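Listed here are the chains, written in short residue letters.
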Amino acid sequence: MKTAEAVQKLKAKLGNIIIGEAYSFEETTLEIGKENLKKALLFLKQTPDPGYETLMDLTGVDYLEPIKRTKVVYWLHNPTNLERLRIVAFVERDEAMPSVVDIWQGANWFERELFDLFGVRFEGHPDLKRILMPDDWIGHPLRRDHALTEEPVQFKHGVQPKTPSEIIPYVESDKKS
Amino acid sequence: MSKAIKNLSLLDETGDVLELNLGPQHPSTHGVLRLKLRLDGEIVLSAEPVIGYLHTGIEKECETRTYQQVFTLVDRLDYLSGPAEEQAFAAVVERLMNLVVPERAQTIRLILLELSRIQSHLLWVGTSALELNMTSVFMYCLTEREKILDLFEEMSGARMFPSCWRIGGLAYDLNPEFESNTRAFLKAFPSTWKDLDNLLTHNYVWCSRLQGVAVIDEELCKQFACTGPVIRAAGLPYDIRKAYPYLGYENYQFDAPTRTEGDSYARYMVRMEEMKQSASLVEQGLNKLKPGPVITDNRKIALPPRRELARSMEAVIHQFKLVSEGIHPPAGELYRCVESARGELGYYLVSDGSNRPYRLHVRSPSFQHVHVLQKVLPGHVLSDVVVAIASVDPILGDVDR
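Protein chains in written order, with our numbering: chain A, 1 to 177; chain B, 1 to 401.
It is worth saying that the hints were derived from the structure and are not from the lab.
The reader is advised that the hints may include incorrect statements.
Stated by the list, open to error - In silico DSS-like cross-links for lysine-lysine, where the CA-CA straight-line distance does not exceed 30 Å:
1. B/K60 x A/K129
2. B/K147 x A/K129
3. B/K242 x B/K147
4. B/K242 x A/K2
5. B/K242 x B/K194
6. A/K38 x B/K60
7. B/K375 x A/K45
8. B/K242 x A/K45
Stated by the list, open to error - Facing chain B, from chain A, some residues (calculated, C-beta under 7 Å):
9. Y23
10. F25
11. E53
12. M56
13. V171
Note that the structure is a prediction, hence the values are computed from the model and not measured.
Every residue gets a Cβ at the ideal spot worked out from N, C-alpha and C, and that includes glycine.
This is chain B alone, in the form it adopts within the complex (with noise of 0.2 Å):
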């Protein structure tokens, strides 16, 4: 049952129509996305998002740079799981060169997707909050996610993103204490997790703000290509990671947990309890971790070992090579896709035989759901358009590349 009112024809006609311009400069729009609302008093008539404030240009940079140097690019796209654009561009990269990526890499490299998974749905946790005054629940929630945070920086010094992918491989190992502290880690979350649960999942003033608003049904999912918590929330259980598996993903236990409104309520519990499945799939990894090669021993693709440096004429041409020109994946053209902790992040990579992609589109989720909005906010109230617009989890990085 909708909160949004059905006809607006009636009241086009009679009320005063207000113009009003929220954003791009506004706390609870996630970024910078401006809406072009009118308002009848307090009921939208309709509303255009406007994009393009977040514009890099990203897509046309790729063009001019190495394989090896994308990888810096696309992770600033979704800037809170860069892990998540890494394998979507690693992936596509391997499977053009049909390259195998050894065990412990591909299982490290699930550990930190889930990982930034979880510090995402975190941060959207809190920010929600935030933006209907529970100020305690996004400390809550920033506390538990600067833990994975700690984590990805004690790995790679970077906190943000790991940024460890290389084809073919990760740049470096897990550090000796990683297993430990993020055991440590998953033996607090679930705790943190329940207070969330018992903040929010029966708060009156959460509940009746989030049900009934901004319902995207399925018909309107398959229109507008929606995927991740957005297509869940709606019914379908369209997860890629069960859909297309990859990093063997067909190896794990999870759930890509469903609900049947559609409405921001529900994906708000699609993420609560996806964070629970994230968390045990980092523990069945963590049990999986064998010892072994993190990157591929091809030389052409990867770089030699420090060590080989000093005594190897062959080792050093490779990573001149390699430096000054970088790799050259035959001619092709595919696409392959991830479950980032929006939806599908599909990349799509056209490449001519040279050392630089020819084309490299970045097919991505916020993208669509910033479109829907269009769609289902009419008829709402202007107060739970910041709701709508938090429930479908932009990033702006991500909706303008």
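Excised from the complex, chain A in its bound form (with noise of 0.2 Å):
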């Protein structure tokens, strides 16, 4: 069963809880509400034959625009017919999202990581502590606006030299100005 049958008969199933749909670069990618998206994601694994069995990947994406906040990313593997889907939902700063460590055990140290380096949250993960930076660091990482600090060179007679993030500039897409 190609992605776009089980993609129709998720929605047969659980109805409108879809909220965004795109397929570009030969990857679908669903956007699901995080209240439904232990129910769909379940759903995927188990009902379409063949499941999507594999959690192969799962991160996160954080934005500051329109508002704070960050798009964690399942990225769903089918063993047997090596169909891709990728589901997205947003998470707001303060807000938790669902664990899904009862569906794939795997998923543990990926939301281990989400948790450590963008500070999401996740509701009944058995063990959700940070797994990359050291205990008692401050802040997340990953998030846009936890500024990337580098240590100056230091020159003779008083040269202030920039960092190297500084030399090249972030130039904007063409097409937005």
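Join these two chains into a complex; the hints should help.
Structural data, given as structure tokens:
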């Protein structure tokens, strides 16, 4: 069964829970509200024959505009027919996401990483603590408003060198302007 | 038939539990992996891998760099298969920009990728054998690996990371002797392979230490998203080169070797077989090598050749724009993966149309392979822990990113 059929089945079974749908670069992306997320993921794992049995990747993308929020990205993999499907859900700064550790045991570390680097809380996670950063670290480094600090090189005669990331300026897309 | 003891709850109640800290500074942990073990005598009751000692923040760093600068950073993640990291990143950007890579560049990339797979597996066999006190195997492997690193060095000047990937092709062509030197290596390699095979495959100590240790079956692979040699040792012929071909892998003849036992010995057999397949792929690649350009001639993406700079104002402008601000891929998000020596190495790129990645995420195979250890270690004796860690071949730079 192709991804398009699985998506049709999902719509037929769970009704109007898909907020956005996109197809680009041979990949299908579905946006689902976080309150329906677990239902949808469980459905996709079990019901379509064959199901999306593996959670290949779980990551996040942080946005400051229009509001400060994090996009949590689930990258599902179907081991039988090798179809893949991306599920995304937005979570605001002080909200929590449902944990999917009870669906995929392998999600445990992915969710810890997301908590560590983005500050996304997962409700129902058995042991939510930092994984990559030191335990006493303050802040969540992969948020867009967490500044990347660089140590400036010390020069003689009071020369103030630029930090490496200042040398090549950020240039916005031509299309926006 | 697993060596692990099934009923651990009884031991937990009766015995005196000893908490043991293995690593992070320990030669058998393949880097800076730390394991918190709870032991009853020699039996492991529970194991908790603790990672993050090699966290470099490269994902964050990439958000402040131009696309060209990212290559240098991602090389250092999985430091034993730098070419795979570069290829994964190049593939994701090239798809985003709809670039066609010249055929010669594709073939050279494939040759370098397969050579790096052989050297990574050789180092794996060598260090794993060293942990079981077989010093001579280690020497055989490193001697052979050195030959591949010499090939890289002659080609690019760098031993570990050829670092010649550019968006749209390669920075430079192969050196003239590369082909003959590589053919000489390929001619000598089977006899070294046979030596290793003779030393290990039916070696009594090697077999009894590896067989039945750290069984990762198909179900566990699906739960934990294990890929690469781990999933192939469990019986699933899942190989990115076959499943989602890139660089024209579909035009080459090779197998994805599988075993069904899922234990450390099966993973060893899979890796040994893979080295043979890779050597054959390198040979096929060399036979396919045709003269031609190695980088796209789109001047908005690739630097103009040096000889043009003296004569063409346009070339100078292109050079200046590319060096000072870099390329601008369109906005979009996508995921592309390659088969590194350890498994599925995926890059998830979110671009906002600027000259820097908005977000670059690396889906590293070792991360999940270390994660699954906490599931498979309980029930084993302490000395098998070392074998189990080695058998999933974690590279801590890749785990911690």
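Problem - Holds or violated: B/K242 to B/K147, with C-alpha atoms at most 30 Å apart - result: Roughly 28 Å separates the two Cα atoms, so the pair holds.
Problem - chain B contact restraint on A/V171 - CB to CB distance below 7 Å - result: holds, 5 Å
Problem - When the least beta-carbon distance from A/F25 to chain B is tested against 7 Å, hint result - result: Holds. Min distance 4 Å.
Exercise for the section: Would you mind confirming whether the straight-line C-alpha gap from B/K60 to A/K129 stays at or under 30 Å? Expected result: holds, 20 Å
Practice task
Take a quick look at whether B/K242 and A/K45 sit within 30 Å of each other, Cα to Cα.
Solution key: Judged against 30 Å, a Cα distance of about 24 Å means the pair holds.
Problem - Hint check, A/E53 versus chain B [nearest Cβ-Cβ separation less than 7 Å] - result: holds, 5 Å
Handout entry: Closest C-beta approach of A/M56 to chain B relative to 7 Å, hint status
Key = Since chain B brings a Cβ to about 5 Å from A/M56, closer than 7 Å, the hint holds.
Handout entry: Pair hint outcome, B/K375 versus A/K45 [Cα-Cα no greater than 30 Å]
Key = holds, 21 Å
Problem - Agreement of B/K242 and B/K194 with the hint, judged by alpha carbon distance not exceeding 30 Å - result: holds, 27 Å
Practice task
Below or equal to 30 Å on CA atoms is what counts here, so check A/K38 against B/K60.
Solution key: Holds. A/K38 to B/K60 sits at ~29 Å (cutoff 30 Å).
Handout entry: Given hint A/Y23 near chain B, where the shortest CB pair must fall under 7 Å
Key = violated, 12 Å
Exercise for the section: Please work out if B/K242 and A/K2 have their alpha carbons no farther apart than 30 Å. Expected result: Holds, at about 18 Å.
Consistency note: the structure conflicts with the earlier hints numbered 2 and 9.
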